[in-house]
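Whole structure, please, built from the sequences with the hints as guidance.
These protein sequences, in sequence, are chains W and Z. Each residue of the first sequence is one higher than the one before, starting from 17 at the first, in the working numbering. Each residue of the second sequence is one higher than the one before, starting from 17 at the first, in the working numbering.
To be clear, the hints were calculated from the coordinates, so they are not data collected in a lab. One or more of the hints may lead you astray.
For identical chains, the list gives no copy identity; a pair is met inside one copy or between any two copies.
[What the hints assert, rightly or not] Quick list of in silico lysine to aspartate or glutamate cross-link-like pairs, DMTMM-like style, CA-CA up to 25 angstroms:
| # | residue 1 | residue 2 |
| --- | --- | --- |
| 1 | Lys56 | Glu143 |
| 2 | Lys78 | Asp157 |
| 3 | Lys68 | Glu154 |
| 4 | Lys197 | Glu143 |
| 5 | Lys149 | Glu192 |
| 6 | Lys56 | Glu146 |
There are 2 protein chains.
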Amino acid sequence: MADEVILLNFCPSVFGMRIRIALAEKGIEYEYREEDLKNKSPLLLKMNPVHKKIPVLIHNGKPVCESLIAVEYIDEVWKEKAPILPSDPYQRAQARFWADYVDKKVYAAARNVWATKGEEQEAAKKEFIEILKVLEGELGDKPYFGGETFGLTDISLIGYYCWFYAYETFGNFSIESECPKLIAWAKRCMEKESVSKSLADPHTVYDFVLGVKKRLGLE
Amino acid sequence: MADEVILLNFCPSVFGMRIRIALAEKGIEYEYREEDLKNKSPLLLKMNPVHKKIPVLIHNGKPVCESLIAVEYIDEVWKEKAPILPSDPYQRAQARFWADYVDKKVYAAARNVWATKGEEQEAAKKEFIEILKVLEGELGDKPYFGGETFGLTDISLIGYYCWFYAYETFGNFSIESECPKLIAWAKRCMEKESVSKSLADPHTVYDFVLGVKKRLGLE
Numbered sequence: 017m018a019d020e021v022i023l024l025n026f027c028p029s030v031f032g033m034r035i036r037i038a039l040a041e042k043g044i045e046y047e048y049r050e051e052d053l054k055n056k057s058p059l060l061l062k063m064n065p066v067h068k069k070i071p072v073l074i075h076n077g078k079p080v081c082e083s084l085i086a087v088e089y090i091d092e093v094w095k096e097k098a099p100i101l102p103s104d105p106y107q108r109a110q111a112r113f114w115a116d117y118v119d120k121k122v123y124a125a126a127r128n129v130w131a132t133k134g135e136e137q138e139a140a141k142k143e144f145i146e147i148l149k150v151l152e153g154e155l156g157d158k159p160y161f162g163g164e165t166f167g168l169t170d171i172s173l174i175g176y177y178c179w180f181y182a183y184e185t186f187g188n189f190s191i192e193s194e195c196p197k198l199i200a201w202a203k204r205c206m207e208k209e210s211v212s213k214s215l216a217d218p219h220t221v222y223d224f225v226l227g228v229k230k231r232l233g234l235e
Numbered sequence: 017m018a019d020e021v022i023l024l025n026f027c028p029s030v031f032g033m034r035i036r037i038a039l040a041e042k043g044i045e046y047e048y049r050e051e052d053l054k055n056k057s058p059l060l061l062k063m064n065p066v067h068k069k070i071p072v073l074i075h076n077g078k079p080v081c082e083s084l085i086a087v088e089y090i091d092e093v094w095k096e097k098a099p100i101l102p103s104d105p106y107q108r109a110q111a112r113f114w115a116d117y118v119d120k121k122v123y124a125a126a127r128n129v130w131a132t133k134g135e136e137q138e139a140a141k142k143e144f145i146e147i148l149k150v151l152e153g154e155l156g157d158k159p160y161f162g163g164e165t166f167g168l169t170d171i172s173l174i175g176y177y178c179w180f181y182a183y184e185t186f187g188n189f190s191i192e193s194e195c196p197k198l199i200a201w202a203k204r205c206m207e208k209e210s211v212s213k214s215l216a217d218p219h220t221v222y223d224f225v226l227g228v229k230k231r232l233g234l235e
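Structure (structure tokens):
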């Protein structure tokens, strides 16, 4: 039986991008289904009854929810090609630690950059840059977070790159002037087709954020 | 060289209990160092410079931070005995999903049960029970979350059991009357020496919570 792989997603989701990148790294064909988050499909509600959120990877009818768990699942099922996690347990723990750091820190801080105003926004920008500087410090002069090879931490973070245009425009600041090595890393990742074809267009993300800001009365 | 294993911990931590259980399951000898969280040791700050939190597992001088990552690390390094994660990728993803659910939901909800008052506390108790009922639904009639074998999800959750006395006393409610199967599961886990010797005494936890409540002006 050929594998049936379906991804339930919403295009601007940084979490969905992780699964798209992992599937592309492994060369897995899949059916992409865009969800309307204001009118979620019965399939989404059935496949992720606990969180009712995208992305959901459905492999031969069985759901895998939570993006980093889905990325590890993809790495374990299709293990022959393009390993995402290193084989050494300590390096695996380090990759998981930094991917977890991205999950615990980046999303909320990034949202505050465009969803706040005035002093609150200035504090949000400062916090966001501090978080990125921690990541830049960990990256150092390596090409990727794990060293020579593109892996889990890279996948966890790179999706945010296509949101940077929105952050910078709504926040009126430059990320590159603060974190030049991180931007060089992002550009390096974007040279990989698995990444460039999985990320949303920065202007699409900008328009999406603008729409959310209007709905929230922030414009 | 014999393995040098050190655990930096603080006794009531449900996160530290996870690492203690995993090490006990594997039969690993280790040095236990209790931290004073009001005056953290230079070693803790050096080993976990990012979060500056316990628990930290130090294996041959190298730190592993974040409890679930440490549990997976232990399972990968000492893989011969008492597997914590199943070998099947889908079952592994399920175990990780439920351990992640525990991390995302239980801690904050449980804290609100004792750190709030009045209507807010009633809402907190309701939310906490709803979360436990989701977990009880997933457990069903299985002996452990993964089926016949004690594993990752069990390890992620069981530490909270020694806090139940404090939750029930400060919240003036019964968890067992709402979630009898979950309590039966907890008692089953407590029959394992790896669990019973790793959990704090419920009265010690109660006294700790009482102290925190006093400091926060909640008593």
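What are the numbers of the hints that this structure violates, sorted from low to high?
-> none
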